[in-house]
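There are 2 protein chains.
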Amino acid sequence: MRVTELVLHPIAIADPPLRSSYGLHAPFALRTIVELKTDSGLTGISETYGGDGPLAGLEAVRARVIGMDPFQLAGLWRDMSAAASTGDRTQTYFVPGENPLDAYARTFAAIEIACLDVIGKAVGKPVCDVIGGRVRDEVSFSAYLFYKHGGGGGVGDDAREDEYGEVLSAEACLRECKQMIAQYGFREIKLKGGVLDPAIEIASIRMLRREFGAAYPLRIDPNCAWSVDTSVEVGRALKEELSGGGYLEDPCASLEGMGELRRRLLAEGNHTPQASNVATTCFADVPRAKELDAVQIVLCDPHYWGGMRNVQQLSNLTSVLGMGMSMHSNSHLGVSLMAMTHVAAACPNLIYACDTHYPWQGKKDEVAAGGRIPFTNGCVKISGKPGLGVDLDYDQLARGRERYHKIPFRKRDDEAEMRKHVDPNWKRVLPRW
Amino acid sequence: MRVTELVLHPIAIADPPLRSSYGLHAPFALRTIVELKTDSGLTGISETYGGDGPLAGLEAVRARVIGMDPFQLAGLWRDMSAAASTGDRTQTYFVPGENPLDAYARTFAAIEIACLDVIGKAVGKPVCDVIGGRVRDEVSFSAYLFYKHGGGGGVGDDAREDEYGEVLSAEACLRECKQMIAQYGFREIKLKGGVLDPAIEIASIRMLRREFGAAYPLRIDPNCAWSVDTSVEVGRALKEELSGGGYLEDPCASLEGMGELRRRLLAEGNHTPQASNVATTCFADVPRAKELDAVQIVLCDPHYWGGMRNVQQLSNLTSVLGMGMSMHSNSHLGVSLMAMTHVAAACPNLIYACDTHYPWQGKKDEVAAGGRIPFTNGCVKISGKPGLGVDLDYDQLARGRERYHKIPFRKRDDEAEMRKHVDPNWKRVLPRW
Numbered sequence: 001m002r003v004t005e006l007v008l009h010p011i012a013i014a015d016p017p018l019r020s021s022y023g024l025h026a027p028f029a030l031r032t033i034v035e036l037k038t039d040s041g042l043t044g045i046s047e048t049y050g051g052d053g054p055l056a057g058l059e060a061v062r063a064r065v066i067g068m069d070p071f072q073l074a075g076l077w078r079d080m081s082a083a084a085s086t087g088d089r090t091q092t093y094f095v096p097g098e099n100p101l102d103a104y105a106r107t108f109a110a111i112e113i114a115c116l117d118v119i120g121k122a123v124g125k126p127v128c129d130v131i132g133g134r135v136r137d138e139v140s141f142s143a144y145l146f147y148k149h150g151g152g153g154g155v156g157d158d159a160r161e162d163e164y165g166e167v168l169s170a171e172a173c174l175r176e177c178k179q180m181i182a183q184y185g186f187r188e189i190k191l192k193g194g195v196l197d198p199a200i201e202i203a204s205i206r207m208l209r210r211e212f213g214a215a216y217p218l219r220i221d222p223n224c225a226w227s228v229d230t231s232v233e234v235g236r237a238l239k240e241e242l243s244g245g246g247y248l249e250d251p252c253a254s255l256e257g258m259g260e261l262r263r264r265l266l267a268e269g270n271h272t273p274q275a276s277n278v279a280t281t282c283f284a285d286v287p288r289a290k291e292l293d294a295v296q297i298v299l300c301d302p303h304y305w306g307g308m309r310n311v312q313q314l315s316n317l318t319s320v321l322g323m324g325m326s327m328h329s330n331s332h333l334g335v336s337l338m339a340m341t342h343v344a345a346a347c348p349n350l351i352y353a354c355d356t357h358y359p360w361q362g363k364k365d366e367v368a369a370g371g372r373i374p375f376t377n378g379c380v381k382i383s384g385k386p387g388l389g390v391d392l393d394y395d396q397l398a399r400g401r402e403r404y405h406k407i408p409f410r411k412r413d414d415e416a417e418m419r420k421h422v423d424p425n426w427k428r429v430l431p432r433w
Numbered sequence: 001m002r003v004t005e006l007v008l009h010p011i012a013i014a015d016p017p018l019r020s021s022y023g024l025h026a027p028f029a030l031r032t033i034v035e036l037k038t039d040s041g042l043t044g045i046s047e048t049y050g051g052d053g054p055l056a057g058l059e060a061v062r063a064r065v066i067g068m069d070p071f072q073l074a075g076l077w078r079d080m081s082a083a084a085s086t087g088d089r090t091q092t093y094f095v096p097g098e099n100p101l102d103a104y105a106r107t108f109a110a111i112e113i114a115c116l117d118v119i120g121k122a123v124g125k126p127v128c129d130v131i132g133g134r135v136r137d138e139v140s141f142s143a144y145l146f147y148k149h150g151g152g153g154g155v156g157d158d159a160r161e162d163e164y165g166e167v168l169s170a171e172a173c174l175r176e177c178k179q180m181i182a183q184y185g186f187r188e189i190k191l192k193g194g195v196l197d198p199a200i201e202i203a204s205i206r207m208l209r210r211e212f213g214a215a216y217p218l219r220i221d222p223n224c225a226w227s228v229d230t231s232v233e234v235g236r237a238l239k240e241e242l243s244g245g246g247y248l249e250d251p252c253a254s255l256e257g258m259g260e261l262r263r264r265l266l267a268e269g270n271h272t273p274q275a276s277n278v279a280t281t282c283f284a285d286v287p288r289a290k291e292l293d294a295v296q297i298v299l300c301d302p303h304y305w306g307g308m309r310n311v312q313q314l315s316n317l318t319s320v321l322g323m324g325m326s327m328h329s330n331s332h333l334g335v336s337l338m339a340m341t342h343v344a345a346a347c348p349n350l351i352y353a354c355d356t357h358y359p360w361q362g363k364k365d366e367v368a369a370g371g372r373i374p375f376t377n378g379c380v381k382i383s384g385k386p387g388l389g390v391d392l393d394y395d396q397l398a399r400g401r402e403r404y405h406k407i408p409f410r411k412r413d414d415e416a417e418m419r420k421h422v423d424p425n426w427k428r429v430l431p432r433w
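Just so you know, the protein sequences line up as chains F and W, in that order. Counting from 1, position 46 in the first sequence corresponds to residue 46 in the working numbering; the numbering is continuous, with no gaps. Counting from 1, position 241 in the second sequence corresponds to residue 241 in the working numbering; the numbering is continuous, with no gaps.
These are calculated hints, taken from the structure and not from any lab test. These numbers were taken from a predicted model, which means no experiment stands behind them. There could be a bad hint or two in this list.
Restricting the straight-line Cα-Cα distance to at most 30 Å, the calculated cross-link-like pairs of lysine-lysine (BS3-like) are [as the list claims (entries may be wrong)]:
#1 K37(F) <-> K411(F)
#2 K385(F) <-> K385(W)
#3 K178(W) <-> K37(F)
#4 K385(W) <-> K427(W)
#5 K37(F) <-> K363(F)
#6 K411(F) <-> K363(F)
#7 K385(F) <-> K37(W)
#8 K37(F) <-> K381(F)
#9 K364(W) <-> K385(W)
Okay, the calculated beta carbon distance ranges per label pair [unchecked claim]:
#10 A215(W) <-> R401(F): 55 to 63 Å
#11 G87(W) <-> R401(F): 58 to 66 Å
#12 R372(W) <-> G67(F): 30 to 38 Å
#13 I407(W) <-> A284(F): 47 to 55 Å
#14 G322(W) <-> I66(F): 47 to 55 Å
#15 R410(W) <-> I66(F): 39 to 47 Å
#16 R372(W) <-> A60(F): 56 to 64 Å
#17 R64(F) <-> G322(W): 50 to 58 Å
#18 E415(F) <-> A82(W): 45 to 53 Å
#19 E166(F) <-> D79(W): 43 to 51 Å
#20 E166(F) <-> L101(W): 57 to 65 Å
#21 G322(W) <-> R410(F): 56 to 64 Å
Quick reminder that beta carbons are idealized off the backbone N, C-alpha and C, glycines included.
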């Protein structure tokens, strides 16, 4: 089996005005759907970051990929990672997917996942079984709450209905969570923080705890918006609420900052685990994170950790180092959701519900044949279908391409959106509180 | 595809009277050939430790394995490793393959490798490509020199011709090495030490260096026979000879001992790398080995590290921790050799030539169809054949079973052989020097 064609579909999908410490989501999120055709007649697919940068990254490996045997992934990774820089690969000052230093890992992942999909189809096996076999048949995801402005994203004909409205208070956050859990059945809850005054975010978490109880572990992620001092205060205020399977995710910037936070919290008997996808984005970060005890839970993501097998390696590495593993998410459609589900099913150390932005996207934009992927009790099932178990709806894909070509966005820039819609002088400042 | 039958072939193979700090090899080494038949009509094979213990271990999982999908390996590993003890899993006081605490890892490996072989056959791909793709097309092995008594092992009709004779001096060791390199083309050299007075072993290494030069990296492995003081002396004496790709393997017992040795050698500017398969036998040992800086090179072995994918994980783990990886060997035939070759081909961090006992076994005992696996310039090639690329010669296998049933040995016991043939009061004492 040889790769004969690499087809790249840049698409745009309506994205609600979600807030984070990075700024504001634009009305459209950008994604790229990859089709990898082979001489066997089978096609593998994947979904990755969108816009000019990721497209250029994929174009740059086209000649290397055409003609290759989809099984020969380790050699491709070796070649693509050979020139990997040891510079700052964190996501402290970049939204996920925008740090140029790990562009090769994102590009590789898009190819790897499409290769694993086509291998699964050739072999008649789900991808999770191709890479070693599942340790679970369904994967649990968490409710991913955002503070947001009103509206569901998109513009004009491409606008998306919105059931959540404006969410800029603790009360609205609770309402959002109830709606989302009623619809999806999630049993863990994540709040994207770093947006409102920490007192409001603390109140939000407390209201969630009061409503859902200890059976629903809680995590809050301000993407480094807090100083170490503020992080200590929040950690102290939410000691009870974040216990029992919850965690504090990237409260402040850098491994050094999180290490200091950890020491200060431990000194007062507070064992709240700290998670990170901002300060730990590649294997080289993990031993340092462990050494400083800055991070107890590493967030994986096949999209930027260099694909599924690297995430399996991270599962083993974190397990050996006595750390936990959870999963990070970006705005995505069903192809990414199934890739996340398959790799999660094959990672024994993935002991937390995975993040997913899926509830924030709509059926109008879904490119998976058959429409939106269903959740049952917050979980996505591994079907018996070969590969990722998802096919493309080419009409929907064409609509996504049309949207992409209609809009001016070619790069995620949450700061620009803040300046456009909220405050013409807005700048991301760390720490904000 | 489902497993329908598990056929276990206990065999015995002539083994020369090789010496190590564990004692003396018996005239026969024991191996088990595993056939895993499936409802697809395809059969996967593997080779593992022999004798009663390994057979009982495999029998104990028969019911779990029959009916299983060969792709579902992660679930099998989870089930088999669930009860793993945290006790002393080192090989300090056990010959490899005899520590009961990791019997489950050896049993799993025998099943996993046979499953990967049958998957490769089903998919039409070599095993190295099934598990992620090769990073090299041929795998380099090292000359594995032993001090030995005269003779090639076996008894009566089952005796094996011996081209090496008695090797109990530095001069004989050099002769042995020249013979072996002339025949196989090896380009790295390992000496099993801990047998003669360290002065003779130092002289052996020096003669090898003088003869072969710096282009042939040298390693010496006394299996913990030396005290820390003696290890310091040997490390000092061989500083030059073990540099440039060589290493000091398990000179003394325990991670603590090797850590002390490291500190003392570094203090005198001696950076000789230390390798271990005795003190680091499972993932839990690796962070501690790193923390103490006791080990810079971990020796993998798919047979007791829990199979090929675990060895891949070890490749990643050691790479992330800034350690190297080499490969350990036991007496084995061609099926094991091909399993070692395939996993080595798929491990980027395997940067040393692998150990192999293969030159110590003979064509009379080989169960691989077509006879002995060829070496070119010390390397074994990955052929284009599916699976491990090796089939069984059933006549040879039947002869191996016959030999097994004729002999009294059911367990490797090098100490008993020393008492029988060398000294009725011989005991393994650590440290001996």
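Which hints from the list above does the structure break, by number from lowest to highest?
-> 3, 4, 14, 15, 16, 17 and 21
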